[in-house]
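Participant: Sequence:
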Amino acid sequence: MATAEIRDTIFNGTAMLGVRLTIGVIFIAHGITKFNPGFAGFLESNSIPLWLHYPIALGEFIPGILLIVGILSRMSGAVIAAIMLGAILVVHGTSALIGDDGIEFQLMLLATCLLIMVAGPGRLSIARFAGMLPRWLH
Numbered sequence: 001m002a003t004a005e006i007r008d009t010i011f012n013g014t015a016m017l018g019v020r021l022t023i024g025v026i027f028i029a030h031g032i033t034k035f036n037p038g039f040a041g042f043l044e045s046n047s048i049p050l051w052l053h054y055p056i057a058l059g060e061f062i063p064g065i066l067l068i069v070g071i072l073s074r075m076s077g078a079v080i081a082a083i084m085l086g087a088i089l090v091v092h093g094t095s096a097l098i099g100d101d102g103i104e105f106q107l108m109l110l111a112t113c114l115l116i117m118v119a120g121p122g123r124l125s126i127a128r129f130a131g132m133l134p135r136w137l138h
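In the working numbering, the protein residues as written are 1 to 138.
Hints are computed from structural coordinates only; laboratory data are not their basis.
Owing to the predicted nature of the structure, the values given are computational and were not obtained by experimental measurement.
Restraint ranges, calculated between C-beta atoms of paired labels, are given here:
no., residue 1, residue 2, range
1, L107, I65, 19 to 29 Å
2, F105, E44, 17 to 27 Å
3, A130, G102, 33 to 43 Å
C-beta atoms are modelled at their ideal positions from N, C-alpha and C, and glycine is treated no differently.
Please construct the entire structure, taking both the sequences and the accompanying hints into account.
Facilitator: Structure representation (structure tokens):
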């Protein structure tokens, strides 16, 4: 039986570093904006409970930092993926795939976070350099 294997090369590690840095910066920026009191009004207008205000903000901001550093990348990807799935279903549920109000950007962020969750941080991360961390902390 034929099998396929993705070797862990420096090129793959560099690519994952680029993915982590990009997603990390995006979600740090998005998380910071959600600390604004105006975000509570946005939640209210979308029938989202107000108690989710700070968990959503922290759920974007903290994993963004962790992705850049390269520790808890899998968990960070999972947390952000859950937030993105909620945003797609609750906020953008009736939007088309493409267009001015399209969800293609949100789907791309979701897919990228799922990639990080499955593939891990890559070679160029603190989790890999530390070496002694269990795989689930990568």
